[in-house]
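At position 339 of the sequence shown the residue is numbered 408 (the numbering used here), and the sequence of numbers has no breaks.
You may find that some hints are simply not true.
Label-pair restraints from in silico Cβ distances [stated by the list, open to error]:
{"id": "1", "residue 1": "N570", "residue 2": "G213", "range": "53 to 59 Å"}
{"id": "2", "residue 1": "Q349", "residue 2": "P494", "range": "46 to 52 Å"}
{"id": "3", "residue 1": "P539", "residue 2": "T576", "range": "49 to 55 Å"}
{"id": "4", "residue 1": "P494", "residue 2": "G607", "range": "42 to 48 Å"}
{"id": "5", "residue 1": "N687", "residue 2": "N296", "range": "47 to 53 Å"}
Below are the DSBU-like pairs computed for lysine-lysine, each with C-alpha atoms no more than 35 Å apart in a straight line [as the list claims (entries may be wrong)]:
{"id": "6", "residue 1": "K702", "residue 2": "K573"}
{"id": "7", "residue 1": "K419", "residue 2": "K429"}
{"id": "8", "residue 1": "K419", "residue 2": "K573"}
{"id": "9", "residue 1": "K291", "residue 2": "K419"}
{"id": "10", "residue 1": "K257", "residue 2": "K299"}
{"id": "11", "residue 1": "K429", "residue 2": "K257"}
{"id": "12", "residue 1": "K216", "residue 2": "K429"}
{"id": "13", "residue 1": "K544", "residue 2": "K679"}
{"id": "14", "residue 1": "K419", "residue 2": "K299"}
{"id": "15", "residue 1": "K142", "residue 2": "K216"}
{"id": "16", "residue 1": "K216", "residue 2": "K291"}
{"id": "17", "residue 1": "K679", "residue 2": "K573"}
{"id": "18", "residue 1": "K544", "residue 2": "K702"}
{"id": "19", "residue 1": "K695", "residue 2": "K573"}
{"id": "20", "residue 1": "K299", "residue 2": "K429"}
{"id": "21", "residue 1": "K257", "residue 2": "K291"}
{"id": "22", "residue 1": "K679", "residue 2": "K702"}
{"id": "23", "residue 1": "K573", "residue 2": "K544"}
Everything labelled a hint here was simulated from the structure, so no lab data went into it. Virtual Cβ for every residue (Gly too), placed ideally from N, Cα, C.
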Amino acid sequence: MPGTTAAAIGPPSTSKFNGLGIFLDTLHHKPRHAIPATWTSLPSALAGSLPSISDIAVLNRGDALIVYVPAIKGAADYRAYIYDSSTVTFNGTQPRGAVLACAGYRQRFERNIDAFLFNGINFVSAKNRELIQAIEVPGLIADGNYKVIVEALASPCPFPGVMSHTNASIPLNGGPRSFDFRSFTDVKAIYGNEILNGQGAALDDFQNLFPAPDDPNNALSKGVDPNDPKIPADPLVLARSAITVVRPAADETINAPVFDVGSNSIFDNFATDGIMTSFQPIRNEGSGLARGGQFGNWFFWTNRVQRAVGSSDAATALGMQVWQRHGRLYTTFADQYQDVFGAMYFASTKTVPQQLDTTKYVHSFFRIDSGASQRRYWHWFICGGDTREELVDPSTHIPRTFPVGTPAFYEEGGVNISAPQESEPQTQYHNKECLSLLQLAEAWNWGAPSGAIADWFDEPHSELHAFIQPAGLDKGRINLKPDGMTDNDPEAKHGMAWRLNAQKQATQPMFEPFDQQAPLTHYDIFVRPDRIVLYINGRQAWCGDLSDRPLAMKYGLIGYGNVLYHSSAELYTNYYGQAAPIPGEGSFHYAMNTPWSDTRIWDAVGHSEKIDIPTQFNFDPGACFKPKSTAVK
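Build out the structure end to end from the sequences listed, making use of the hints.
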């Protein structure tokens, strides 16, 4: 193991940057297929007296690599990058021209470092940011051997600005201030490298949000100065190692077999770099952007997106940006006026709507950064009918309608996502039967629920909402939440906070500990008319028994997307009628770095039809539960 001394392993530092360290292995969530890393020699420019990092483990994810690191005393962040002598140089021991992937922090909806908590007397800052000890390194596009440099840092990776492919200025509700989208080209020019998942903020981590957000001097959403003394672009490195990995992984054919095959299937790992440059009008949505367009294997559409300064047409409407890079799909947008329901969705034009089968499944899968608040989250849907032609144009495969979430669409009386929008006329293509899944933030503050069987290690910060919106209705939904979840929701009106075993005992939170910007969380969804099964990172999380009210659709259009709405309300929360601005509904990263925009990273997206649940998924039919009610409410 190269290095002059053993790594400085110890308890996480108590600095303001990382009050707690979370290493998934200590929480029995380290993936079973992670293996010890293979060490190799450092580039000559990095050879020296720094301690090496011991006990590194790795997990290949096709074109990405997850690096698991031990706790390093004093570490405020970890970073890793692929070293290629043809593209990466060094300024001293600092890389230049690299793509730096950083570990960052968990994104708790509440009880984050700047989530002010009421202690019975006044509000206090929790000050408990939790440093992730896993780094997802993208960009392993071609087969071959890769050298990866892994480092422990004394300061967080800086937030370089809102990710985009093209620089743009986004106005804030008509006020005197705007905020910027910063292109990856500019990031490299300013910081010397691309920085992925940099979360160190221009604002002091513990500072209350003064001045007001529309004050031109406010540092919210601004990239950190590369020469900032607290969070420099070139941080002090505490320990360093070089490891070597190979793509494809030696065990890939065994542990990651290909089973999504057939003429009507798609798997997209976004291996080719590209930029979506134009959205065309698709409906009337007032002055907000409601645009659509073809990009790669997908058709994208938006709803209520804020225009960039100077934008007046589809070609220059840079408030919504879509691009492929590092073997991933990136999307960034801002909600209109920071006040209405903004959204982005995409559906495959390579496939036609999937055929549902009584015994086999439609399988849909995707990886995404899975942090959620109550006003930003991912949304998956399948909307269907009796024929494929009523769902998509038979020649272009572009959707006939463009389903979107609207305010409170997941609640009782919510509007069908395929209902007409604005002044759209009602047609045969609207008000389809739609099944939706989404991750919505909701904090639980009461410890383990009654009857929980696990040694408790976390509390939920988000819930799974799963519901059916019946065909022919423009409002109303069937909540698929079962009875007996012991979460103060006896009428089962809300989402699902817990995973349950066959005895309906809570085994762990539904999503946590995967409330994070990185590594990306992998979702698998299996659907047939009488059953839906959700897996999170390969483990069964929820199974809905729909036998009392099966899906009626014969064919289904699958859509992937995310929403951001009323971001100004997300940023500020009024307590007990006082108007003082206090960080509330959202994580530190959302509140300080991306308060008025949302960037999502997608990878390994696809779907197929008429397949079985593979044996490696360990399906437990005993943990499939009927909804408490099949009534439309």
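Evaluated hints:
no.: 1; hint: N570 with G213: 53 to 59 Å; result: 43 Å, violated
no.: 2; hint: Q349 with P494: 46 to 52 Å; result: 20 Å, violated
no.: 3; hint: P539 with T576: 49 to 55 Å; result: 32 Å, violated
no.: 4; hint: P494 with G607: 42 to 48 Å; result: 45 Å, holds
no.: 5; hint: N687 with N296: 47 to 53 Å; result: 51 Å, holds
no.: 6; hint: K702 with K573; result: 25 Å, holds
no.: 7; hint: K419 with K429; result: 22 Å, holds
no.: 8; hint: K419 with K573; result: 40 Å, violated
no.: 9; hint: K291 with K419; result: 38 Å, violated
no.: 10; hint: K257 with K299; result: 20 Å, holds
no.: 11; hint: K429 with K257; result: 48 Å, violated
no.: 12; hint: K216 with K429; result: 42 Å, violated
no.: 13; hint: K544 with K679; result: 31 Å, holds
no.: 14; hint: K419 with K299; result: 48 Å, violated
no.: 15; hint: K142 with K216; result: 25 Å, holds
no.: 16; hint: K216 with K291; result: 33 Å, holds
no.: 17; hint: K679 with K573; result: 30 Å, holds
no.: 18; hint: K544 with K702; result: 9 Å, holds
no.: 19; hint: K695 with K573; result: 12 Å, holds
no.: 20; hint: K299 with K429; result: 55 Å, violated
no.: 21; hint: K257 with K291; result: 16 Å, holds
no.: 22; hint: K679 with K702; result: 31 Å, holds
no.: 23; hint: K573 with K544; result: 31 Å, holds
The structure does not agree with the numbered hints 1, 2, 3, 8, 9, 11, 12, 14 and 20 stated previously, though it agrees with the rest.
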